[in-house]
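Visitor: The whole structure should be built from the sequences, with the hints applied where relevant.
So the protein lines, in turn, are chains A and B.
Using the UniProt record's numbering, you'd call the opening residue of the first sequence number 1 and step up by one each time.
Using the UniProt record's numbering, you'd call the opening residue of the second sequence number 1 and step up by one each time.
There's no promise every hint is true.
Examples of chain B residues lying across from chain A (beta carbon under 10 Å, computed) [as the list claims (entries may be wrong)]:
(1) Leu564
(2) Gly629
(3) Phe694
(4) Ala697
(5) Asp743
Now the stretches of chain A that chain B is said to cover, found in silico as 3 or more residues with beta-carbon under 8 Å [unchecked claim]:
(6) 17-26
(7) 105-111
Keep in mind the hints are simulated off the structure, nothing from the lab.
Glycine included, every Cβ here is placed at the ideal spot set by N, Cα and C.
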Amino acid sequence: MTLLYALSVAAIMAAGVYLMMDRNIIRIVLGTALIATGVNLVIFLAGRLGPTAPAIIETGAYTLGEDAANPLPQALVLTAIVIGFALLALAAIVAYEATRALGTVNADEMIAAREEGNPFEPASREGSSARK
Amino acid sequence: MSPVWFVIIAGVSALIAAPVTRAAGRFAGPLLALVPAFLFVSLLMQLPDLPVGTAILQSIEWVPAYGVSLGFRLDGFSLLFSLLITGIGTLVVIYAGSYFSDDAKDRGRFLGFILLFMTAMLGTVLADDLIMLFIFWEMTSLVSFFLIGFKHEDAKARKAALQSLVVTAGGGLALLGGIIILGLTAGTFSLTEITAQAPQIATSPAFPAIIVLVLIGCFTKSAQFPFHFWLPNAMAAPTPASAYLHSATMVKLGVYLLARFDTGFGEYLIFYAPLMIFGGITMLISAYAVMRSTGFKAVLAWSTVCSLATLVLLVGVPGEAGVKAMIGFLVAHALYKAALFFAAGQVIHSTHQYELARLGGLRFKLPITAIASLLAAISMAGVPFFLGYKAKDLFLTAAFDGGSWGMWLTVVALASSAVMTAVAGLAALKPFFLKPPYGEVKLYHNEYYGMALPPLALGLLGLAIGVMPAPAWNSVLIPAMSALYGSTIALEVHAAPSLGLKFLITLALLASGAALVWFWNRLYRDPDNVKANVVFADLGYGAVMGWLDRAGQVTARLLQMLSLRTYIAVTLGVSTLALLLALTGFSADMISAAAAEPVRPYMAVVLVLTLIGAAVAAFARSVLISILGVGIVGYTMAVVFLLNGAPDVAFTQFTVETLSIVILLAVLLRLSLKPAPQQSLLKRPLALAVSAGFGIAVGLGVLAMSVLPFDRRLSDFFGEASYLEAQGHNVVNVILVDFRALDTLGEIAVVAFATLCVWALLRRRVKKEG
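Guide: In structure tokens:
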């Protein structure tokens, strides 16, 4: 079973990185979301799988039963999911604003637009003048 | 009054300077001058409590863990310096009040800086703890930066300010290094204790490093070769600041610290030889440069560099003669040079003329300034019955007694003395008493008393000490010499010159100085001579700063390629290699072991769906389908959580995934742009290789992780404590809101900030469109 989980993690991570290396800024945002999901799964797996009962102390008992799942990674993943969502929302809106402002979803073109104000690049470099 | 109060009172006066100036208007200068005047008198009243060879020590604990304390030390030498700082400070404040009479706002700002500077200076010379000394030392560099760049709308002033900061603060870093090594070697930062155990420190292997670093710090501060160039440029500062910081006090801090070290380390060749060599070189360079300068303040600035070099050289001269000459020259120079700067400020202020060549014949137009200037110049030239004569006499004595260095000392001493005499004549006499070469000089306003009386006071003081030497020498100068020398120095000072070889030399120097003044016009109008100025300018500094700039550009180009793909390829490529390297300890057995585990069929189906989702997200041609792929991965993860005993996590994941898809779709639909062309799979070998490599590395990492022994201690603790200590049945909830409540608060804060950012971005858009 671990093999399958590891395969899933590998697939999610690879897909995420592949998307992040795309030119389309929306795909870059999707890539970050996938990587966040993949990391959550790794954290979850780090607590080891096995018992499938929720980590809830039975009525009348004082401590968690032996057959309950590990509560610690669950708490960590809960926090991570919410933060990942905040990140995705912010990234999506920034991508949206950048696209609206610069008229392109192509991250390379966005950088070229920014380069016109870059003090380290000579003004006559090709690309910056062509897009004026 | 204990030493710390001097610093505190000065500091408070700096804080209230601006509001007081606003309230007092024209009388702000004299009013604020009461503070340094009061400090000056209080310092004089310390004299009876401070017999020769004693020191008042005061220590307030500051950082005891590192052995750093607010340690103060008031002895003869620091008293002399403090008197100069507060005495000349009083005059500078009065002078500046008049100097900025046209602009009330500038006046308040300037007086605040000057008093702040005075605080820093007092702190430096009263410090016994070297860390504290360093802090005040750097504070003087900072205030100097603000004062040089005071006319901040002038690009030249800004450049000069930055240059002085780079040089002096850079040297300050070297000094800090030296102080820290010294403190670690000696086990204390107290100057008194370090001086006491100097012989032991000198045997430590770190000794050469300490001395070199401290020398760099002192040489930058006191403008010694090869750091001499910043001081003439610092003349961009308003003249009162030039007189105070860049002539009378701050630039002497390097000399001050060298003299302090000389008490303990003066006999070691590694310490005194550089002082003699670099001091001598600086003297020759500046004596030459002063002959080529044309600006009024530039001439004074180069002559100041020359005087500082003289002091450095005299600190290096071993034995009593060097100490005597150093103290004598220090005081004489502070008095006459400040007076000459004051006079120059008056001349420039009233004529708007910066070039010495164009000035002349002002003696009746600026009579008090002319007299003050004359008095200062006579002292500087070393005419008998003036303080400057005695200083020059002691200097020549030290040079003749110089032992194996005697020849070098004598040559430098004579050369620079002749030039200084000429400068005295030039700066003091030409503007007032020689015929103006280009016709009458236009006067924009008459003499201001606030600017004329301070130099007169200094000039008269130089005459008074010359005629009646006993009080000043016996109560201030000789105790200072003794404090430095470490034992009582006997010196009898008479007003009348003693006839002999030295007297003849003095007369010869006066004559050669007069000759130089006479031929001055011819000397510096020669265009070749003006070109020679370049040799002594800041070419080296410019080159170093230029290299720094270029190195910065090259690094920036190398590291900041402005391409997300490259950044990811580099960081993840390196991470992948590191991960694989760390995994070399695991064998292939772990894969077979993992493969042998029983498979839960329905879970396998879910995970296959995950794989499909990931593939769709990565390779779909349309972004819309990609979003669906991401959604599939998210929902299958929720199922994974649900089937592994984590219902809370699963529900959160369901909710968040749904919201994410809604947001992404909304963004995409609102954009409604034509789909960006996506390159086909095979055309992106780099992305494919990096992502596949990273995925495989992380997957192997997960496998490796699963065979490592598991540490349950934390989980068990939460399982046992949740109900008994926090009264909660749902352990996950208890962890989030109780045991790790601060984490959760941080998480909420992150979400809140993200929301604020999103809201701000969207609101801007709505406003623009609405």
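Visitor: Now tell me if each hint is right for this structure.
Guide: Results of checking the hints against the structure:
1. Leu564: 6 Å, holds
2. Gly629: Holds - the Cβ of Gly629/B comes within 10 Å of chain A, reaching about 8 Å at its closest.
3. Phe694: Since the shortest Cβ distance to chain A is 5 Å, the answer is holds.
4. Ala697: 8 Å, holds
5. Asp743: 6 Å, holds
6. 17-26: holds (count 9)
7. 105-111: holds (count 5)
Going through the hint list in order, the structure satisfies each hint without exception.
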